[in-house]
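Protein chains: 2
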Amino acid sequence: MPAFASRLANVETSAIRELFKLLGRPGIISFAGGFPDGAMFDVPGITEAAHHVLAEEPGALQYGATEGWQPLREQLAAFLKAKDVRDVAAGDLIVTTGSQQALDLIGKTLIDPGDKVLVEGPTFLATIQAFRLYGAEVISAPIDAEGVQVDRLERLIAEHRPKLVYLIPTFGNPSGALLSLERRRKVLELAVRYGTFVVEDDPYGDLYFDAPPPPSLLALSHEVPGSRELLAYAGSLSKVLAPGLRVGWLLAPQALLANAVMCKQFSDAHTSTYAQATAAQYLQSGRLPGTLARVRTVYRARAAAMGEALRSELGDAIDFTAPQGGLFIWARLTGAGGKVADAAEFARRAIAENVAFVPGAPFFATDADPATLRLSFATADEARIREGVARLARAL
Amino acid sequence: MPAFASRLANVETSAIRELFKLLGRPGIISFAGGFPDGAMFDVPGITEAAHHVLAEEPGALQYGATEGWQPLREQLAAFLKAKDVRDVAAGDLIVTTGSQQALDLIGKTLIDPGDKVLVEGPTFLATIQAFRLYGAEVISAPIDAEGVQVDRLERLIAEHRPKLVYLIPTFGNPSGALLSLERRRKVLELAVRYGTFVVEDDPYGDLYFDAPPPPSLLALSHEVPGSRELLAYAGSLSKVLAPGLRVGWLLAPQALLANAVMCKQFSDAHTSTYAQATAAQYLQSGRLPGTLARVRTVYRARAAAMGEALRSELGDAIDFTAPQGGLFIWARLTGAGGKVADAAEFARRAIAENVAFVPGAPFFATDADPATLRLSFATADEARIREGVARLARAL
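Read top to bottom, the protein sequences are chains A and B.
With our numbering as the guide, the letters of the first sequence map in order to residues -17 to 378.
With our numbering as the guide, the letters of the second sequence map in order to residues -17 to 378.
It is worth saying that the hints were derived from the structure and are not from the lab.
From the three backbone atoms N, C-alpha and C, an ideal C-beta is built for every residue, glycine too.
It is possible that part of the hints are untrue.
Each pair of labels, with its calculated beta carbon distance range [what the hints assert, rightly or not]:
hint : chain 1 : residue 1 : chain 2 : residue 2 : range
1    : A       : 240       : B       : 366       : 47 to 57 Å
2    : A       : 276       : B       : 283       : 52 to 62 Å
3    : B       : 40        : A       : 376       : 48 to 58 Å
4    : A       : 192       : B       : 33        : 32 to 42 Å
EDC-like mimics (lysine to aspartate or glutamate), calculated; alpha carbons at most 16 Å apart, straight line [said to hold, decoys possible]:
hint : chain 1 : residue 1 : chain 2 : residue 2
5    : A       : 3         : B       : 49
6    : B       : 98        : B       : 141
7    : B       : 3         : A       : 49
8    : B       : 321       : B       : 298
9    : B       : 168       : B       : 119
10   : B       : 168       : B       : 192
Simulated coverage check for chain A against chain B, where a stretch passes if three residues somewhere in it have a Cβ under 8 Å from a Cβ of chain B [said to hold, decoys possible]:
hint : stretch
11   : 38 to 51
12   : 109 to 116
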């Protein structure tokens, strides 16, 4: 073998990936996943869409435009309009192979080795790695229950003059935090004041439990003149329809979009037209709002069950804010009563009790907090959640 | 907008892409495409496979392993075994989002800025661009009707000590050339002698007209000790099943495969499980050999029709070798009889006559030959081919 490229030295296969190999053990209750519950996928609706596509749209089996399947781009623009995004048309976005590819294309088009990127601490691990592969120095901005702390973010922007700021403002992975409306406005104002480019990643925004979240940065941008041109938005159908379609999208200023299309042409030519056409047909069928309503009800009940069980079983040994949407509870071990305060050690003990979660430290680009952990409530029913939390209590 | 990454300066949106914008003109006969004829896709077979998957394999809508859908990896290993590849198992390959992604992952894992890569002159344009995006200096090795000239290739290897050599030995795009068995052995021997890594791209090998082509480099590698560890192989279902599935694969030594998986995790997480499961089910159905037999018959007739028409209509103004498979006739304007010898000028005149092809110069990484052109016979029937060639004669 020849020598590998030096860019590989910036990343490593994640600790989380190793953990996942243990999850096949029989009887294990897993709160470790980052995925939606497959039992809630609208299989009949997707099947109907697939039938239609295969019978009526022969182009869905052929090569397609790098920018995406036009009917899907139109459906996605309508989807955003329905969430109060103004001035959005099919031509403002491209379809990507999952929103992961949108992040990869942002890295490929924007990041030179040595460029600095600010992210939430904690944030989505695969974003940190995707950007590091292009040579980024990724720096964490601290969060609290209302999302990223904008005063700290401003100081970091002023200090580091980053190439971009990456945020998951709504029910982020892993934090589950919801950035307040006030802070959203402030982020857009910071973008304009410092000329800082902001990437909003929004795969979870539709998974709210009660009231809808505040408008996305994208939807708010019309209130802050100049901010829309400094904003890219990555979206995904993985959490609202089905991850297996691998359909995401990138909305961005035209100059960035043009370069992203060029890079995508040489990355995978285009996203599966078969999957895109199926997704477009599904969205057109009008079934998504009903599906989302069912999903929200189920996740709300599971989040509540997990929150209640954690409080009653683990008491003051654990600290967390009940999430208002998404898939995750982000928690911190307090060490109260001499209990274990290191989440990696807790994870090992938990595996011995046949329950799994993900320690929080790998989600920090810098300044990792070893007491943190991520618990997903999405894929176990309420009885299993209670049983799993009881096992966690034994492990603690 | 912030400044774009400096890697973008190494590539540009292709001249070909611009040409393709003209192809929507009514009445135009296009020999410009690089795609198979959609009318020959086995839509009933794919539909049956999709039904099965949606009814029986709920995992096909969920996230999947970055390495690929296991039943598909097994089917692809069997597909290679049936083409005389020895010692191949599912674990030796990963599924990619089209073989384009296999090429991108090779670039991402292996190429540092300034690394040299040898390719055929001409070769697949999107490979040149994919590698350049990672900073490669791409250098052409000349070809003739029997594929790359191995003596010239050896001199270039000795001179440049490239990071890798990229070849499409069988019915390459755009050349349509078939690397002889003797030259195949020689390429593997060169790999071992110089410790040079070779990437074999093989999307067209199943599209032979009469006798099957010589074994792939991969299938031959067991005859040249040490060559298998210096070989990666990119395959695709796009030309044999349907491009819209976007299913390709990368077979490579384990160390490279592990790094490709890590990079793919952060590029698109995994290829659409929905598309992968559909492809796996199709391959398992046993319909592919019948489909390929039909496709070969049709393409053989079209290639013959185009070859005969070119010889009778354009005479000694054009020179080409009749292809033995694939989708393309690669030709060269001779300038005989004072006719136009510049393919770009000829392409402009052809468009005026409502017929299109692709000039050959962009397919050369270095040392472009402006007299060359690529004609696809894949998507027009024989009458349209004859009419199109008659228009070419008028344009000439």
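To see whether the hints hold, each was checked on the structure:
no.: 1; hint: 240(A) <-> 366(B): 47 to 57 Å; in the structure: violated (34 Å)
no.: 2; hint: 276(A) <-> 283(B): 52 to 62 Å; in the structure: holds (54 Å)
no.: 3; hint: 40(B) <-> 376(A): 48 to 58 Å; in the structure: violated (32 Å)
no.: 4; hint: 192(A) <-> 33(B): 32 to 42 Å; in the structure: holds (39 Å)
no.: 5; hint: 3(A) <-> 49(B); in the structure: holds (14 Å)
no.: 6; hint: 98(B) <-> 141(B); in the structure: holds (11 Å)
no.: 7; hint: 3(B) <-> 49(A); in the structure: holds (14 Å)
no.: 8; hint: 321(B) <-> 298(B); in the structure: holds (10 Å)
no.: 9; hint: 168(B) <-> 119(B); in the structure: violated (24 Å)
no.: 10; hint: 168(B) <-> 192(B); in the structure: violated (25 Å)
no.: 11; hint: 38 to 51; in the structure: holds (count 7)
no.: 12; hint: 109 to 116; in the structure: holds (count 4)
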